[in-house]
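Colleague: Here is how the chains run, residue by residue.
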Amino acid sequence: MEKRKISFPHFGSYYIPIRHLMIRGLEIDYVTPPPMTKKTLELGGKYSPDYVCAPFKIHLGCYIEAIEKGADTLIQVDGVCRLGYYGELHEQILRDLGYDVVFVNLARARNRRIRGFYEEFKKISPNLSLKKFSTALLTSIDMVESIDQIEDYLRKNIGFEQQEGSFDRLYEDYLQALSLVESRKEAKYVTSNYIKRFKEIPVNKPLKPLRVGVVGEYYSIMDGFSNHQIEREMAKMGIVVDRYLNVSNSLFHYPVKKMREYIKGYSSYDIGATGTMTLNRALKFAKRGYDGIIHVKSFGCTPEIDAMPVLQNISKDYKIPILYFSFDSQTAEAGILTRLEAFYDMMVMRKEGKA
Amino acid sequence: MKIGIPRAFLYYRYSSLWETFLETLNVDYVVSRETDKAILKQGTIRAIDEACLSSKVYLGHVDALLGKCDAVMVPRIANFGKGNILCTKFSALYDIVDNTFRDNGLQLVGYNMDPIKSGGELAAFLDFGKKLGKKKPESFYAYTLAKQAERIDRQETLRQHEESLRKPGIKLLIVGHCYNIHDKYIGRPVLDYLATQGVTPVLADDADRRKALESAAALTETMPWIFNREQMGAIEMYRDKVDGIVLLSTFPCGPDSLANETVIRRVKDTPILNLLLDGQEGNAGVETRLESFIDIIRFRREAAYGEA
Chain A
1 MEKRKISFPH
11 FGSYYIPIRH
21 LMIRGLEIDY
31 VTPPPMTKKT
41 LELGGKYSPD
51 YVCAPFKIHL
61 GCYIEAIEKG
71 ADTLIQVDGV
81 CRLGYYGELH
91 EQILRDLGYD
101 VVFVNLARAR
111 NRRIRGFYEE
121 FKKISPNLSL
131 KKFSTALLTS
141 IDMVESIDQI
151 EDYLRKNIGF
161 EQQEGSFDRL
171 YEDYLQALSL
181 VESRKEAKYV
191 TSNYIKRFKE
201 IPVNKPLKPL
211 RVGVVGEYYS
221 IMDGFSNHQI
231 EREMAKMGIV
241 VDRYLNVSNS
251 LFHYPVKKMR
261 EYIKGYSSYD
271 IGATGTMTLN
281 RALKFAKRGY
291 DGIIHVKSFG
301 CTPEIDAMPV
311 LQNISKDYKI
321 PILYFSFDSQ
331 TAEAGILTRL
341 EAFYDMMVMR
351 KEGKA
Chain B
1001 MKIGIPRAFL
1011 YYRYSSLWET
1021 FLETLNVDYV
1031 VSRETDKAIL
1041 KQGTIRAIDE
1051 ACLSSKVYLG
1061 HVDALLGKCD
1071 AVMVPRIANF
1081 GKGNILCTKF
1091 SALYDIVDNT
1101 FRDNGLQLVG
1111 YNMDPIKSGG
1121 ELAAFLDFGK
1131 KLGKKKPESF
1141 YAYTLAKQAE
1151 RIDRQETLRQ
1161 HEESLRKPGI
1171 KLLIVGHCYN
1181 IHDKYIGRPV
1191 LDYLATQGVT
1201 PVLADDADRR
1211 KALESAAALT
1221 ETMPWIFNRE
1231 QMGAIEMYRD
1241 KVDGIVLLST
1251 FPCGPDSLAN
1261 ETVIRRVKDT
1271 PILNLLLDGQ
1281 EGNAGVETRL
1291 ESFIDIIRFR
1301 REAAYGEA
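Chains A and B supply the protein sequences, listed in that same order. For the first sequence, counting from 1, position 340 maps to 340 in the numbering used here; every step adds exactly one. Every number in the numbering used here is 1000 more than the matching position in the second sequence, counting from 1.
If you're looking for bench data, these hints aren't it; they were derived computationally from the structure. Glycine included, every Cβ here is placed at the ideal spot set by N, Cα and C. Possibly wrong hints are sitting among the right ones.
25 Å max Cα-Cα, derived SDA-like pairs, lysine to any residue [what the hints assert, rightly or not]:
(1) Lys46/A - Pro1271/B
(2) Lys1131/B - Glu261/A
(3) Lys264/A - Leu1086/B
(4) Lys316/A - Leu1106/B
(5) Lys46/A - Arg1265/B
(6) Lys1117/B - His253/A
(7) Lys264/A - Lys1117/B
(8) Lys264/A - Asp1127/B
(9) Lys1268/B - Tyr99/A
(10) Lys1117/B - Val77/A
Ranges of calculated distance between the beta carbons of each label pair, as one might list FRET restraints [as the list claims (entries may be wrong)]:
(11) Asp1278/B - Phe117/A: 37 to 47 Å
(12) Lys3/A - Asp1153/B: 57 to 67 Å
(13) Pro255/A - Asp1153/B: 42 to 52 Å
(14) Lys236/A - Arg1210/B: 50 to 60 Å
(15) Pro255/A - Arg1210/B: 38 to 48 Å
(16) Arg169/A - Asp1278/B: 46 to 56 Å
(17) Asp1278/B - Lys38/A: 24 to 34 Å
(18) Asp1240/B - Tyr47/A: 20 to 30 Å
(19) Asp1240/B - Leu97/A: 20 to 30 Å
Generate coordinates for the entire structure from the input sequences, incorporating the hints supplied.
Modeller: Here you go:
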């Protein structure tokens, strides 16, 4: 059997650890989907049900473009919201379009735990070695943690760089270096080395800078293309942008009990998906006196819509402004910038008013 | 204490269970009136813009109960056990209502059903009874009676359902959540219109649930939401026994957005009408679409007879 060429939709910079896991863990080739463009959205939107959430459409667009680039195998994960049914329908749509690909749908392994995953992967990697897979998985996890750590620093500091573009340039270097990582040791080295270098970039941070917290839906918040890079746009106005939700915090360090306890006064039960994290962080940002909160989601995202009545109460109680963004495949760039600028002006005025 | 029950969402699945439980415990209750324009309007004002129409209806019913009771009953139902989850709306409903009506000083009462994390329905109802100030044996007794009532109610539904399947003439399988189909303002106008056209609606929601869940596997492998799986199973059971299928959803229902697409792509031998209701006034548009759908079905039947 010829080596399979697998692909997974774009998801921020996480394609690097995903690629590592596929190449080293499953010993198959990986096709990174072409950079997302308007065309990706159009392709995905054209063949998706009308009112499905934007990530579904974006993923479908990525799949089609990856197939055109040579992928013959696709993978989709399971989830606790609509994501849990993405795979089955993506596969159906691609079949109806006439694409003859192998589709690995991890939702099929839902009730079979580790064994289920193993069986799914075995289909595309007959010589699958558990040892190689787990080694690669650990390295990939280290890479994910590395990305999350670096990006967290980036969001908080990029707005204050003395020389424009210095953070972006180093970040490009960093992604290159991370792509070459082959072991946990190397991952650790790259991380510490680049953290040091990022910290060496001179910044002009005022004593009390504006601080904005970002909360919201898993995919749209973490994928810059999906949210029109609002974190970057915001940061570049000279703001500390703080976001807790990332892959490592949601998958590897998620103190759900503690988080629920913290928001007891606002929420009695888990409201589903990332809802608890959204509310927990929003309340934390509010209590810490942040200047504003941005809520990010795709249009129609039920768990995040259901968080909004609570967010509105937090906003009232702590007098913290919240800007709500809802993205679909047709959101216009200009409108987003205008709203961000207005939000920025309001925060500046409020801060001056307080001083 | 007088409990208010919103006539929306899972009331349509659990009315006999809830009402018998409260009656047996001698708890006074009131059910909000049938959905009307005013209820939808109030719900729309209260709700987040993007929320689904059915949840706007729900909040309208809670609003209608303000001042008419001491506490509103809002259960939180997350799942029916592993692999059988509900739309996250039902996990969040308690907190949505609590936060939306916070400034009205609204008291809430309910039960939490989350078998994956805590106990099953019995445990949930014993806890519910405790919140109503009832002793455990009382609640247990009330729950068993309520379950009996639920079973009898369900048997009667099933009997009528089977009768509808035996009726002559055009039969359409109506696929949609119980709270949409039976709502006076949302789904019932559709059923009423079908009646004027001499068409028999067969409700997917009335099918035997256990059989439906088993049948669903033939149509979908990983559908996570149990209500949608029940409906898809009913489609599988009846696709050869009806003349057409109407998928009735409210905008922008998350589970239906995916489930309907799967049905449309996999059920090719039976005509399907995908009807998305958005609560806009006037049924003219919906009626036109139903009318032409019924016409198509009549032509198909006539053509089939012609061939014979």
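Colleague: Please go over all the hints and tell whether each is borne out by the structure.
Modeller: Hints versus structure:
no., hint, in the structure
1, Lys46/A - Pro1271/B, "holds, 23 Å"
2, Lys1131/B - Glu261/A, "holds, 21 Å"
3, Lys264/A - Leu1086/B, "holds, 23 Å"
4, Lys316/A - Leu1106/B, "holds, 18 Å"
5, Lys46/A - Arg1265/B, "holds, 15 Å"
6, Lys1117/B - His253/A, "holds, 20 Å"
7, Lys264/A - Lys1117/B, "holds, 18 Å"
8, Lys264/A - Asp1127/B, "holds, 19 Å"
9, Lys1268/B - Tyr99/A, "holds, 20 Å"
10, Lys1117/B - Val77/A, "holds, 23 Å"
11, Asp1278/B - Phe117/A: 37 to 47 Å, "holds, 40 Å"
12, Lys3/A - Asp1153/B: 57 to 67 Å, "holds, 59 Å"
13, Pro255/A - Asp1153/B: 42 to 52 Å, "holds, 44 Å"
14, Lys236/A - Arg1210/B: 50 to 60 Å, "holds, 58 Å"
15, Pro255/A - Arg1210/B: 38 to 48 Å, "holds, 39 Å"
16, Arg169/A - Asp1278/B: 46 to 56 Å, "holds, 49 Å"
17, Asp1278/B - Lys38/A: 24 to 34 Å, "holds, 28 Å"
18, Asp1240/B - Tyr47/A: 20 to 30 Å, "holds, 29 Å"
19, Asp1240/B - Leu97/A: 20 to 30 Å, "holds, 28 Å"
Hint compliance for this structure: no hint is broken.
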